[in-house]
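In case you want the letters, here they are:
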Amino acid sequence: MKKTINIPYGSQHIALLEPVRFQFETQNEKIVGVKADIGYVHRGIEKACTSTFEYKQIPSVVARVCGLCAITHSLTYVMAVEQIIDVNVSEKAKYLRMLMVELDRIHSHMLCLSHTAENAGYEALFMQIMADREIIMDIQEAISGNRVQFDFVCIGGVNRDITDEIVKFIIKSLNELQPKIEDIFDMFENNWSLSLKYKGIGAITKENASIYNALGPLARAAGLETDVRAESDYYPYEKIGYKMILEQTGDIYGRNRVRLREILSSIDMIKNILCDIPEGNIIEKVKGKPNGESVARLEAPRGEIFYYLKGVKQAMLDRVRTKTPTFSGIPAMVEIFKGQEYGDVPAILASFDPCMSCTAK
Amino acid sequence: MFEKFRKKSPWILHYNAGSCNGCDIEILASLAPKYDLERFGIINTGNPKQSDILLVTGPVTLKSRERLVELYSQMPEPKVVVAIGVCTCTGGVFRKMYNVKAGVDRYVPVDVYVPGCASSPDQIIDGVVQALAILEEKSKDIEKPKRLFGELTNNSIFTNRREMAKKIKHEKN
Amino acid sequence: MKKIETNSENLKDDISAFYDYKIWHYITVNGVDLGDKMEIQYLFKKYGNKEEVVCYFLTMDYEKEIPSIVSIIPSAYLGEGEVVDMFGVKIKEIPKGLLLEEDSCQAPLRKAQ
Amino acid sequence: MISAITKAFSNLLKKPYTCNYPVTPVIKPKNYRGLIKFNDEYCIWCDKCEKVCPPNAIIFKQFEDGHKVYNYNPYLCIYCGDCIRACPKTGDALWQCEEKGLPSISKDAPNDDWFILEKEAKQSRENYKAIKAAKKKS
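Chains as they are written, first to last, in the working numbering: chain A, 24 to 384; chain B, 23 to 195; chain Y, 4 to 116; chain E, 12 to 149.
In case anyone wonders, no lab produced these hints; they're calculated from the structure.
There are no misleading hints in this set.
Taking CB as the label site, the calculated pair distances span: (1) E:D58 / B:S31: 48 to 56 Å; (2) E:K18 / B:P131: 45 to 53 Å; (3) E:I13 / A:K222: 23 to 31 Å; (4) Y:D106 / E:D123: 18 to 26 Å.
Some residues of chain A that are not near chain E, with every Cβ distance over 10 Å (derived): (5) T228; (6) S289; (7) E364.
Calculated pairs, DMTMM-like style, for lysine to aspartate or glutamate (alpha carbon to alpha carbon, straight line, at most 25 Å): (8) B:K118 / E:D58; (9) E:K41 / A:E199; (10) A:K79 / A:E307; (11) E:K18 / A:D206; (12) B:K56 / A:E164; (13) B:K123 / Y:E104; (14) E:K133 / E:E52; (15) Y:K49 / A:D256; (16) Y:K25 / A:E254; (17) A:K117 / A:E316; (18) E:K146 / E:D58.
Glycine included, every Cβ here is placed at the ideal spot set by N, Cα and C.
Next up, chain A with everything else stripped away, as it sits in the complex (with noise of 0.2 Å):
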C-alpha cells in the first residue's frame, strides 16, 4: 500500500479570499481524498434575525451575508416575507429589481473570471478583466449609491427611482464593456496556454452534478439544466429575453465559458429592461405582521438562493432559513477534487466561485 501525506490548504492563503480550510489526501501528486472544514466565518445570522431584529430591518442585515451578492440575498428575504403579508409589488419594483440582479451577476462572474486568471499564473488578464469591472461597478454606484452594499431592496418595492440620466450612462457604459468581453470571451477561448490549465481540468459528469446536487454555473457547465430563472413566474424574464446556457464539458473550461456567455446574455436582458421599463411607484406601503410559513427562490450568480420563513405574528420573525448556493454546492466540489491534481487546486477552487460567508452565515 502507498504512503499517503496530509496537506493543509488555508484558512489563510495568497489564492484565497475567504477562510476556509480544506485539508488534501494525496497520493504522489495525486488528490485522494478531501476534507472541507467551513466553519470560519459563522456569525450566526440566523439567530440574530431571530432575536435582535425586527422583520422590516432585516433585509438590510441579510444583504451582509455576503458582499457579492448582496442584492439576491435581500431580494429573495423581501420575496418571502411579501408571499405572507401580502403586498402586491408593481411592475417597475419589478424591473428595477432584475436590473440590480443582473448587474450583479455580471460583476460577480467577472471577479470569478479574473480569479480563476490569477490562480491559472496569468496575472496580466486578472488586471485587464479588473479594470473592465469597474464599468459595472460605477453603474452600480451611480444607482444605488453605494459600490458593494446596496441596500436598493426593501419591503413592498424598491428604495430609489434610475432616471433618464442614469439609463443613458448606463447603455453608454454597456455598449463599451461589450466588446471589451468579447476580447476576454477570445482570450479564453483561443488562448493556447490557457487551455492546458483549463481544459479536462477539475470535470464533472452530468450523473455526478446531479447526484451530488450541484447548482449555477456549475452545474449548467455539465450539462444539468437548473436555474431558477427558468424555474419561476415571479419575474417576466421570458419577457425579456432570458435564454437558459448550457455547456457539456464540466470542467473549467466549460465553467468559465458559461459565466462569459451569460454575461454577454445578461447585458443583452439589461438592455431590454432598460427599453421597456413600465411606469407606476416603486414603493407599495406595507402593513401588518407576518403569520404563517414562506419560501422564497432566486437565482443568484453562484446557483439558487432559498428562504425559508415562518411568523407567528410578531414584529419578530420565528424561523429564518438560509440555503446558499455553496452550501449545497461543496459536497460537488469535493467530489471534483479527487483524482486531480495538486498543483492544479487553487485554479479548480477559483472556478468554483466558492463563497464561505455564504456558506456560514
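Go by the hints and put chains B, Y and E onto chain A.
Quick look at chains B, Y and E alone, frame taken from chain A:
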C-alpha cells in the same frame, strides 16, 4: 538599508476574519488598475513573515480568532494593523451576535480604523497611507538605542508565538 | 409549498421511494423549533418545472434520535450537520462541530435558552 | 500577433487608466451614500431613526430636564439609509451627505467610548422615566 526599503515598499497581508467579502473585493479592486495601490510600492503577500501591514476585514468569529492572533504574532516588528470596514472597527450589524465579539481590537491592537460598509477603494487607500505614516514612526521608535535610555523592558516584543507562551508561563511562575 | 407528513420510522422509506436524483433536486434540511417539539423538514424541487417546493416533515422530541438520509442523498450531510449544530438534536452518524466551536454557544436556535 | 502589436502601441498612446487618488479626488456620482448629518434645530425628537437603525449607530442621550443630545458613530453606521427614510423631517433634521468617513487612529477609540456611551444613554433614559414617574405621583 533594509529599513529604508521597508518604508518605501511595505508589503501587506490580508486576512478575512469572517467578513461578508464586500471589503475583500474592495481590497482587490484597490490593487487593480483603477485605484492601483501598487503605486505606493505595496504588494499583497500571503506570507506573514514578510509583511508589514495587516489588513483585517470582518468581525472576528470565534473560529478564526486563533488564526488571526497567530498571524499577528508571526509578523516581524514593526507592524501595523488596519481594520477595514465597520464590522471590523466596532462589530457593525454583527455586534450582538453570539459567535462574534465587538471589533478586532478585542484580540489584536489596531492602529488605523477605516469606516465604510463596504469601505470603498479610496477609503482603503486613505487608511493605508495613514498606516504608512504610523509604520515610519514605529520603525523609528524601534531603532532608538533603548539600552542607553533605560527603556528596554523584558516583555516588550515577541517575535513568535512560542516565545510568547514561554514568557507568559515564566511570569506566571 | 406542498407539505407531506412522515415520522422517524418511515422517513427513510418515504424519501427513498420519493427521491430520484434525475427528477428531484434536494434543496436542504431545515429545522423549526415549535416550543416543546422539533419539526424537521426535507425540501425538494423538480428540475425545470414551475411547480411548488415539496416538503417532507416530521415532528420529534428533543431527546429522540432520528435516522440520517445520507445513504439516499449523499450531499445531505451538510444540511443535517447544520441542524445538529443549531438545535442540538441527534441524528445518527452525524457528528457535531460543523459550524460551532466547542466553547461557543451550544444549540443557539433552541428556544428554551 | 499583428493585432497584439497594434493594441500595444494604441495602449501606449492612451491616457493612463489609473486615477491618481490622493492627489486628484475621485469623481463620485450624485446621491452617493455617505455620512449621516444632523441638525438639532429642526429635529422633533421622535427617536424613529434610533429605533430603525440595525446596528444602533444613532443614540439619543437624555438629560434630567428632558432635552436629548444626538450621538452618531460613523464607525458603526452601515450607511444603509434606513434612518433617512424613517425620519419625518428628511432633509432638514437628518440627511445623508456625499462625503465619506475618514480613517481614524487608535487614540480616537471609536469602540470603547461608544459602548460606554450606549450604557450611559440607557441609564439616562431610565433615570428620566423614574423622575417623571416620581413627579406624577407627587
